[in-house]
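Chains as they are written, first to last, in the working numbering: chain A, 1 to 221; chain P, 1 to 512; chain D, 1 to 316.
What the hints contain is simulated information worked out from the structure, not anything from laboratory work. Heads up, a few of these hints could be off.
Label pairs and their in silico Cβ distance ranges [to be verified]:
{"id": "1", "chain 1": "P", "residue 1": "Phe295", "chain 2": "D", "residue 2": "Gly155", "range": "56 to 66 Å"}
{"id": "2", "chain 1": "A", "residue 1": "Arg31", "chain 2": "D", "residue 2": "Ser4", "range": "48 to 58 Å"}
{"id": "3", "chain 1": "P", "residue 1": "Gly466", "chain 2": "A", "residue 2": "Ala207", "range": "21 to 31 Å"}
{"id": "4", "chain 1": "D", "residue 1": "Arg292", "chain 2": "P", "residue 2": "Ile511", "range": "37 to 47 Å"}
{"id": "5", "chain 1": "D", "residue 1": "Arg292", "chain 2": "A", "residue 2": "Asn89", "range": "17 to 27 Å"}
{"id": "6", "chain 1": "P", "residue 1": "Gln409", "chain 2": "A", "residue 2": "Leu113", "range": "31 to 41 Å"}
{"id": "7", "chain 1": "A", "residue 1": "Ala207", "chain 2": "P", "residue 2": "Leu27", "range": "30 to 40 Å"}
{"id": "8", "chain 1": "D", "residue 1": "Ala123", "chain 2": "A", "residue 2": "Asn89", "range": "31 to 41 Å"}
{"id": "9", "chain 1": "P", "residue 1": "Ala190", "chain 2": "D", "residue 2": "Ala133", "range": "52 to 62 Å"}
Glycine included, each C-beta is placed from N, C-alpha and C at the ideal position.
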Amino acid sequence: MPVLSSIGSQLVNLCSALLLLTCFAIVAQRRLSACVDLFALQSAFLVLTATLVAYLTGNQHIYIAAALTGVIKVIIIPRVLKKIIDRLNVKRELVMYVNVPAGLLICGGLVMLAFFIAQPIIPLGSLLTRDSLAIALAIVLIGLFTMIARQKAVTQLVGFLVMENGLFLGATAATHGMPLIVELGVFFDVLIAALIAGIYTNRLQDAFDSVNTDRLTILKE
Amino acid sequence: MTITVVVLLVAPLLAGWLSLVVRRSALLHAINLASMGTIVTAEIAITRTVLRDGSFTTLDQLVYLDALSTFILFIIGVVGSACSFYMRSYMDEQVARGAIAPSRLNLFFFLFHMFLLAMVVATVANSVGVQWVAIEATTLATTFLIAFWRRRESLEAGWKYLILCSVGISLALFGVVLLYYSSLHVLSDASQGLNVTQLLPVADRLNPHVLKLAFIFILVGYGTKVGLVPMHTWLPDAYMEAPAPVVAMLAGVLEVVAAYAILRVRMIVDHAVPFAFAGGLLALLGFASFVTAAFFLLIQHNYKRLFAYSSIEHMGIAMIGFGVGGPLGTFGGLFHLLNHALAKSMAFFAAGNIHRRFHTVEIGDVQGVAMAQPWTATALMISGLALSALPPFAAFASEVQILTALASQGVPGIEFTGTEGMVTVTLSDQFGRVALASVFLVSAVLSFGGLLYRMTGMVWGTPPEGIVRGEVWTLGHLPIILLAGALVGFSLFLPQPIQQLLERAAAILVIQ
Amino acid sequence: MLESVTLIVAQTTVLLAVSPFLVGLIRKVKARLQLRRGASVLQPYADLVKLFQKQPVISTTTSWIFTATPYIVFASTLTAGLLVPTFTSQTPMNFAGNIIALVYLLALGTFFLILAGLDAGSAFGGMGGSREAIVASLTEPAMILSIFAIALTAGSTNLSTVVHKTAVLEGIMTDPSPHLMALAALFIVALAETGRVPVDNPATHLELTMIHEAMVLEYSGRYLALLEWAAGLKLAVFLSLIANVFAPWGIATTMTPAAMAIGLLVYLAKIAALAVAIGVIECMFAKLRLFRVTDLLGVAFILALLGLLFFYILRS
Chain A
1 MPVLSSIGSQ LVNLCSALLL LTCFAIVAQR RLSACVDLFA LQSAFLVLTA TLVAYLTGNQ
61 HIYIAAALTG VIKVIIIPRV LKKIIDRLNV KRELVMYVNV PAGLLICGGL VMLAFFIAQP
121 IIPLGSLLTR DSLAIALAIV LIGLFTMIAR QKAVTQLVGF LVMENGLFLG ATAATHGMPL
181 IVELGVFFDV LIAALIAGIY TNRLQDAFDS VNTDRLTILK E
Chain P
1 MTITVVVLLV APLLAGWLSL VVRRSALLHA INLASMGTIV TAEIAITRTV LRDGSFTTLD
61 QLVYLDALST FILFIIGVVG SACSFYMRSY MDEQVARGAI APSRLNLFFF LFHMFLLAMV
121 VATVANSVGV QWVAIEATTL ATTFLIAFWR RRESLEAGWK YLILCSVGIS LALFGVVLLY
181 YSSLHVLSDA SQGLNVTQLL PVADRLNPHV LKLAFIFILV GYGTKVGLVP MHTWLPDAYM
241 EAPAPVVAML AGVLEVVAAY AILRVRMIVD HAVPFAFAGG LLALLGFASF VTAAFFLLIQ
301 HNYKRLFAYS SIEHMGIAMI GFGVGGPLGT FGGLFHLLNH ALAKSMAFFA AGNIHRRFHT
361 VEIGDVQGVA MAQPWTATAL MISGLALSAL PPFAAFASEV QILTALASQG VPGIEFTGTE
421 GMVTVTLSDQ FGRVALASVF LVSAVLSFGG LLYRMTGMVW GTPPEGIVRG EVWTLGHLPI
481 ILLAGALVGF SLFLPQPIQQ LLERAAAILV IQ
Chain D
1 MLESVTLIVA QTTVLLAVSP FLVGLIRKVK ARLQLRRGAS VLQPYADLVK LFQKQPVIST
61 TTSWIFTATP YIVFASTLTA GLLVPTFTSQ TPMNFAGNII ALVYLLALGT FFLILAGLDA
121 GSAFGGMGGS REAIVASLTE PAMILSIFAI ALTAGSTNLS TVVHKTAVLE GIMTDPSPHL
181 MALAALFIVA LAETGRVPVD NPATHLELTM IHEAMVLEYS GRYLALLEWA AGLKLAVFLS
241 LIANVFAPWG IATTMTPAAM AIGLLVYLAK IAALAVAIGV IECMFAKLRL FRVTDLLGVA
301 FILALLGLLF FYILRS
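So that you can see chain A by itself, here it is in the shape it has in the complex (with noise of 0.2 Å):
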């Protein structure tokens, strides 16, 4: 059993760490469907690491959000922002608010600030998930850089979906799992804002005839 657990939470470790590289190559992409597709192949290693988990420890409801995760976040958004792409003109991130080297950088930072932050925490955890709480603050802190560097409202939506990835990877490997109620309550409200931003980006594209954030400055003081 030593071994086995030994294996696992390597296994786990690997898996986290992939999530953790999609991670920046979602940073380091310009295309938008390219960027999308990165967040289901993230998405898929997410559901990998679940089961995983599921299948380490033995607790039957994570089975449940892996599928979720599988079926929503796969299957469902990806195609969601696939068919908004498709609408919009424009198919690549022409200006960012921060060069492709220097968020790569700033990611490398963030990576550090997490395991920094995570550290005095580590070892409370199982042996399983040694490192996953850390790697999944740091996601959910590249995800919010990708969104504060990014200008396209999609890619911005993309930033916040590989946040609430970065949660569920913390949700499962360091806790494994939240309570099912909690965890369904969490999949119905990332499924519901992923659709109201695709209305929202359809809706400024008509009214900016752009889906760059940075026209949307007609409030401030």
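Following the hints, put chains P and D in place on chain A, whose structure we already have.
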């Protein structure tokens, strides 16, 4: 009691569903008022039970009601009913004017009921996780209410609100995850690990470091919804663009519910972490909001944004009260939440009336409201005086309570435990108390001047050419009169049940 | 002593023999994926033979650097190859240097190639040289960091030791995350350094895009043969590095003939698989604009940095 709670939850749900089906606007309003009436009745029953028997849980531990949550329910009931009456005249006029298609009323009422439901759930939920889900649901329900006019400005405000609040609330979810993480090591039954009733008895055994981290995330997250500086940037835009009844709900209730969510977590955190930690952080954000808002009140030339910054200011004051703590500070903070909810919803009713008559939000273009709309002018003056915390209004009493607590106790020291040792900033000595009290007073005077100066300019004088004079009595004036009565009345005489509720709620928050 | 000399001869032979094959294999994979039959896998050998027989033409404006460069590039790349374990974990020139020597031997070749590109005085040579300088300056830190991330887990900068310890799973940290990140970084570096698709296109002579080809445009005859062979060698060195540092299993850890034979077979299989992967990547992706190359190499650098970071975090 189970049935009452079920009624409380089902009423807005049913009303929301009916709102999608019904076609006639009169019926929509009737459903709304009936649902509000049911909610208020249920709340009265719950209040009686809580005052008599103390706190209770029901529905398989999902619902937890104590004096604090009952107090928040009370605010939801009062402001919600006032809004429902006001909406009767407001929405009808908008439909008659052609500003909205009658069919969109369905959407409006549906979202309004869902908003109400989410707030009630957030208040009665036992689990911190369910509470999070409900608060995120309020964001989703209100974003289209804010962008209801579908102008470019409203879309901008709605988008900003959605993105900022969703991000903030995601951070809060991380805090909830951390809270759960800490409870796993203490509680045997993990599926109840987020329930307040389970966490409170074992709170002193939870890991303090995790709790500190969790509280910071939750404070930043829900603080965004409360509109605390520096997470406040969505608030003036949203308050400016949303329809008046929606703003009244946002300012009067949503902020209170978000503040309540922070207080709930703080109750748990305070058991394991020195009181100074959470209190210090709350007071810090409170002061930042108070001072910043006071400054923006001075330079504001748009009356809706003026009220928005006044909201930030008053939430800041309440947070200072909670941060200072002690029986006096906590009582003052809770009482201030109530007073602000009443005064601010009234102020936005008045602002909505003025906007409909003058068709501008510029303070400079509005003159002579007293001649054009005498009822509204009275409401504006009363809410303005109350928001400036002048006697004899109740806000004066709560602000003085907070100031007294601040001057006598100071803000508890904030301790930063770094790797290099401990850095302690103490603001509870003589000098710190005097300095903080002075900052408080100066900010209060600044906001008083800024608010009242603009209001008097709007009320007196002669209205511009082409503005109809005189005001027809509508149902929308009823809540204004009732709220005004409550504002004046509470300062002179606080009804016994409310007094008891406040005292018990404050007692819950104060750790002996 | 004899053993050491034998090993040097053996590894030199293997590297020299295998490098044209890798180039041919990548071309073949690309051709088949594009539904062409493509030239034989052995075509690069024939090319080399033919080039060696041709009379070189040298511009009259060039200096000695131009003629010396092919020899320097070939020699430095081959020496670098002797620092990398191929079929045995024992490297022939173990006494002479470690990872850092490897990196700078490769850099020496690049430096002379750039000089030679400038030397001929043609516009293309200078353009190719300046582009190569950009790429090289960006890949170098990423490469060093990624190898350091691995070196740290084994506690040595000696490639032989690193590979040996990983192969017998002894005395190393076995957490996969830093390895994975360093691997991704080193793979990107390898693509950039060997002039492969997202960075450079070896199959084009279009002046807007070429980097490596622009520098060697003036060469002909045996000089060109040497440079082409050196390019193949560089590819073989990088593929051996990736294969053996990240998945050394199967490599000969003892000096018995049987282990060596198995090691050789496994080695050939591994680098062939990597060559096929490169061929697939070349078909799937388009070449990046030169200004976007910095983004890609930035990713490599960050990945390597993260690998290092993870090592320290996991250990504490």
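Status of the hints after comparison with the structure:
no.: 1; hint: Phe295/P to Gly155/D: 56 to 66 Å; in the structure: holds, 58 Å
no.: 2; hint: Arg31/A to Ser4/D: 48 to 58 Å; in the structure: holds, 52 Å
no.: 3; hint: Gly466/P to Ala207/A: 21 to 31 Å; in the structure: holds, 30 Å
no.: 4; hint: Arg292/D to Ile511/P: 37 to 47 Å; in the structure: violated, 58 Å
no.: 5; hint: Arg292/D to Asn89/A: 17 to 27 Å; in the structure: holds, 22 Å
no.: 6; hint: Gln409/P to Leu113/A: 31 to 41 Å; in the structure: holds, 35 Å
no.: 7; hint: Ala207/A to Leu27/P: 30 to 40 Å; in the structure: holds, 32 Å
no.: 8; hint: Ala123/D to Asn89/A: 31 to 41 Å; in the structure: holds, 39 Å
no.: 9; hint: Ala190/P to Ala133/D: 52 to 62 Å; in the structure: holds, 58 Å
Violated hints amount to a single one, hint 4; each of the other numbered hints is respected by the structure.
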